[in-house]
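K.L.:
Turn these sequences into a full structure, and let the hints guide you.
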Amino acid sequence: MRTLMAVLLLLGATLLQITLLPRIRMLQGSVDLVLLILLTWMLQEENRPDWRLGLVAGVMMGYASALPDLVLIAGYTLAALVCQLLHRRVWQVRMLTMLTSLILGTLVIHIITLGYLWLSDNPISAGDAFNLITLPTMLLNLILLLPVNALITEFNKLISSPANP
Amino acid sequence: MRPSRNNPYRLVALIVAAAGILLLALGGYLTPLFTGALSPVEGAQGWLYTRFQAIQDFVNAPVNIASLRQENAQLRAENAQLQTEIITLQQQVSEGELLSALLDFARARPENTYQAAGVIGQDPSPFLHYIIINRGSDDGLRRGMPVVSQQGLVGRIAQVTATASRVELITDPGSQVSVRMQPSEVDGLLSGSVTSQLSIDLIPLDANLQAGDLVFTSGIGGAYPGNILIGQLSNVRREATALFQTASVQSAVDFTRLEIVLVIVNFQPLDLSPLLDSGG
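Going line by line, the protein sequences match chains R and S.
213 is the number that the numbering used here gives the last residue of the first sequence; the numbers go up by one with no jumps.
287 is the number that the numbering used here gives the last residue of the second sequence; the numbers go up by one with no jumps.
Please note: incorrect hints may appear among the correct ones.
[As the list claims (entries may be wrong)] Anything over 12 Å on all C-beta distances counts as not near chain S; from chain R, calculated:
hint	residue
1	Thr67
2	Asp98
3	Leu120
4	Leu129
5	Leu133
6	Val141
7	Thr161
8	Ile172
9	Phe203
10	Ser208
[Unchecked claim] Some residues of chain S that are not near chain R, with every Cβ distance over 12 Å (derived):
hint	residue
11	Asp111
12	Gly128
13	Gln129
14	Ile138
15	Ile139
16	Ala247
17	Thr248
18	Ser255
19	Asn273
[Claimed, not checked] Listed next, the stretches of chain R that the computed footprint assigns to chain S, with coverage defined by at least 3 CB atoms under 8 Å from CB atoms of chain S:
hint	stretch
20	56-62
21	100-113
22	179-192
It is worth saying that the hints were derived from the structure and are not from the lab.
Note that the structure is predicted; figures quoted are calculated from it, not measured.
No residue lacks a Cβ here, since even glycine has one placed at the ideal position from N, Cα and C.
P.N.:
Here you go:
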């Protein structure tokens, strides 16, 4: 039931990601709501971090994007794995884990995308990519982390209440 | 002594007194007297009227508030409905103007066949500049077909499903378009970038270009039909050690406001890859 809810949330986030969110830009970066929801969901106290949710997010984003599915599947799965690893072994402070996972997750996804673009004979300057895309995206993600986390926490409480077993 | 009823002097005196009073009143000499005399009466009348009105309002107030609230709610609902109608009509006018402009564009190029499509999304990756349109292979769209707006060239179809297509914009870092500048008739290669800025490379050094020159598709390479407006040169750079000039282009299309586009469905892009493979 909880996994189904998570998949539905990710589906909604993917729809927002292709319709509304690309219009909200800082330089060339845009917020990655799918990654935000993935990480905040995985780090809720009621949920166990599961890298397979990253796989689902990658499949959805791969379908929505012109990038090859494998690139985004690898990116989001790795981001989820980083989150899972941090949660298990490094820190127990949830917000700190969330922040670190978000920064590392954004970096992982962008590095994999950039690597693919270089390999596919479509080189983008690493400096431009970092300054114009990755840093603004990271900043937007960090700005939205707290509100998204609050929403996901409330949603978790809602579906965890006795009325909704 | 009892006065006589029929005393004529008394009657005359009364008439003279009445006429005198009348004349004094008409002359305005009695106004202060009247004002002074009527002032307490008017004050009492005003006081009574105010109290009566207050009592009347107190008695009728609940009925009035209820009816006013009902009327207010009705007016609010009516206002909301009218506002919605205004917004709908404004959208229709805007859409009508856009369609009219697209129709003008299509009429100006009768050699092409167009399929109109609405923009329904953008690529979620910030590294790519693609849009998604609501027409696909069911509507006759194929990969490689050029996409234009009433302002000029938008891009070409990169992927097609039955009901939707993905369009690679000319601003995408991977996009390359053969272009020709007017009036110099010089060819070059237009490329997109991460920042959505367009630049032209491979311009011969002896070409005389000016900022403001128009940029059209050249049709060379077979990927796009010729003579579609792209934009105008914003600046030209010539370096002493470079083999070619480069130029920046201000696109004619506002890619952030794309709503409806036209796909040129009767254009078949050429696939030159077999020739290139045999050559390599």
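K.L.:
Now look at each hint and say whether the structure bears it out.
P.N.:
We went through each hint and held it up to the structure:
no., hint, verdict
1, Thr67, "5 Å, violated"
2, Asp98, "22 Å, holds"
3, Leu120, "8 Å, violated"
4, Leu129, "20 Å, holds"
5, Leu133, "25 Å, holds"
6, Val141, "30 Å, holds"
7, Thr161, "5 Å, violated"
8, Ile172, "5 Å, violated"
9, Phe203, "22 Å, holds"
10, Ser208, "30 Å, holds"
11, Asp111, "27 Å, holds"
12, Gly128, "4 Å, violated"
13, Gln129, "4 Å, violated"
14, Ile138, "9 Å, violated"
15, Ile139, "7 Å, violated"
16, Ala247, "24 Å, holds"
17, Thr248, "21 Å, holds"
18, Ser255, "16 Å, holds"
19, Asn273, "25 Å, holds"
20, 56-62, "violated (count 1)"
21, 100-113, "holds (count 3)"
22, 179-192, "holds (count 3)"
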